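From just these sequences and the hints, can you work out the full model?
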Amino acid sequence: MKTKIRICSVLVFIFISLIFATSSKGMSNEREDREDAPALVGRISHVEGTLFGYDAEQSQWYGKTEDSPFGFNDRLKTEQHSKAEILLPNNTWIRLGQETGIELFSLEDQETSVGLDYGKARFINRGSNSRITVATPAGQVSAPAMSALDISVEEASVHILPLSGSAFLTRINGSTLEIRPGANGILVDGETIVAGREGTDPAWNDWNIKRDSLWAGRIQSGARSAEYLPPPLRDQAHVLQENGIWERVYYEGEYGYFWRPIHVPPGWSPFSVGRWTLWYGDHVWIPAEPFGYVTHHYGSWVFAHGRWYWVPPLPSASIAFGHPRWRIGFAWYPGRVAWIHSHLHVGWLPLAPYEPYYTHRHWGPRSVAVKNVHITGIHVQRYANIDHAVVVAREDLYRHDNYRNHRTTNPKSRRESGFSGRNQRPEQQVNPLGTPVNRQISPADRGTPRRISDKGSHRERYFRREDGEKPHGSVGRERSEVSNGHRFAPVPRNNNIESGGNRGRETFRQERVQPRAYERRSESLHPSERRQSLPNQVKKDRAANQERQELKRSEKGDRGQGPRA
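The sequence shown begins at 837 in my numbering and counts up by one.
Just so you know, the hints here were simulated from the structure itself, not pulled from any lab data. Everything numeric in this text was worked out from a predicted model, so none of it was measured. The beta carbon of each residue, even a glycine, is placed where N, CA and C say it ideally should be. Worth double-checking, as some hints may not be accurate.
What follows is a list of derived Cβ distance ranges for each label pair [claimed, not checked]:
| # | residue 1 | residue 2 | range |
| --- | --- | --- | --- |
| 1 | His1236 | Pro1017 | 47 to 55 Å |
| 2 | Gly1053 | Ser1000 | 19 to 27 Å |
| 3 | Asn1041 | Glu991 | 18 to 26 Å |
| 4 | Asn1041 | Pro1151 | 18 to 26 Å |
| 5 | Gly1018 | Val1204 | 49 to 57 Å |
| 6 | Gly1018 | Asn965 | 18 to 26 Å |
| 7 | Ala1205 | Tyr1091 | 29 to 37 Å |
| 8 | Gly1089 | Ala873 | 29 to 37 Å |
| 9 | Ala992 | Leu1180 | 30 to 38 Å |
| 10 | His1099 | Ala1059 | 27 to 35 Å |
| 11 | Thr886 | Phe908 | 39 to 47 Å |
| 12 | Gly1018 | Glu991 | 34 to 42 Å |
As structure tokens, then:
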């Protein structure tokens, strides 16, 4: 019966979409632009009990956990005594009750289209110019901006209960019915539409009230950090406020306000506490830190003055001109890293903001979609953060939730591992399509990847913003020399000859080099004579030269005493 209801919901959605669809050249161009636009991806923010996601390629359900992505055509379902909450970047919140199935049809800036197969869900539209459309067996339910409603699907009946703002039901015949908030909503059973016999479930309503209260406190506590974030991320600013501080940092020739985590162990680095899994052809990072989702899927990480900083994205994906190159547009990324690999190991490193992100689809600014092409000529040592790469054995890629204790810091040999350091000529090139998802690791070597649910001693001084106000917790870093290849504020250097900004921290003094003439002469000597020290050989050469000069002078003197012509 659930399968029949789902098929009916999809047919209703398709039929109503055809009614409102228009075929014009302008809309065709608009669709092409949307294909090139960054993909919007939601976040599973809370799970109680068990939540499953459907893998269309494997035709099976698998568990999902918090901070897993939700986008494209994902399907979710909850088990008995389970609930889930989903946050979408267009100010749409979806909450699922127990034994509920839902499918995402489309996710755009101003519209969210889903199908409710069975169960109960609450849809909250917090956008000022957006709407939510829900396909049900009774028809398509539409929730305009700044509205909320509950929808319950049981067998063939659908209960629609607006909580704030009106909801609209569009039947399969094209007729539309407005449902105003208050009372008990309506109950649709086939062709029959009657007033709802009861309101919302008290236990369900109490759980939603608790979630609303929790988020109200979070939004209030993160108000200071929200000043630095684009609008779609401001609701989640509390995790930044609780786990780090904002500092005014000099990087790549300009100052900017970056966020730095403060509750992390020494030696922490991005993309090290969490795990990798596969999602729509690319590797997606499932973080374990409370601040991990926002900072690992939006913006970028930079290593400056011996510390890791997160650079928030710009408000829009199209904004780039006039901003420093370390600012990237707003977009969701599975995990902005570069993959390096060898016969025995696989590794990854955080990408600098200006470095390209090679994937199988276009995710946002500075991401390069590569399909069925083998790219070469990308050298490992050219990456800014190559010294901070996490390298593990191939068989350990999908086995752990925390790579800090399983990383390979010193492979058996550099030549065997295939990785090139900053001080060496490249021995292996990075193959963007050679990430583990692209058949570079055979199933026999790596095992089956787990799905998304497997469980400075610097001086400091305060800076003020341009408007004169000091941001909360902002600390400016004094100029500091670090060997990471970036253009930081210049500092005095000693007279030692350095090995290069991109080649590590070691320095060496210039040593006196012997003339090549002596080296060539020593090579021409008999092996028994090569044991002689170089100064003795020089003395012999000088004596021979003096003897030749005396012979020349004597010959010249003899010629001078002869008869003149």
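Results of checking the hints against the structure:
no. : hint                             : verdict
1   : His1236 with Pro1017: 47 to 55 Å : holds, 49 Å
2   : Gly1053 with Ser1000: 19 to 27 Å : holds, 20 Å
3   : Asn1041 with Glu991: 18 to 26 Å  : holds, 23 Å
4   : Asn1041 with Pro1151: 18 to 26 Å : violated, 35 Å
5   : Gly1018 with Val1204: 49 to 57 Å : holds, 52 Å
6   : Gly1018 with Asn965: 18 to 26 Å  : holds, 25 Å
7   : Ala1205 with Tyr1091: 29 to 37 Å : holds, 33 Å
8   : Gly1089 with Ala873: 29 to 37 Å  : holds, 30 Å
9   : Ala992 with Leu1180: 30 to 38 Å  : violated, 58 Å
10  : His1099 with Ala1059: 27 to 35 Å : violated, 20 Å
11  : Thr886 with Phe908: 39 to 47 Å   : violated, 22 Å
12  : Gly1018 with Glu991: 34 to 42 Å  : violated, 26 Å
Hint compliance for this structure: hints 4, 9, 10, 11, 12 are broken, all remaining hints hold.
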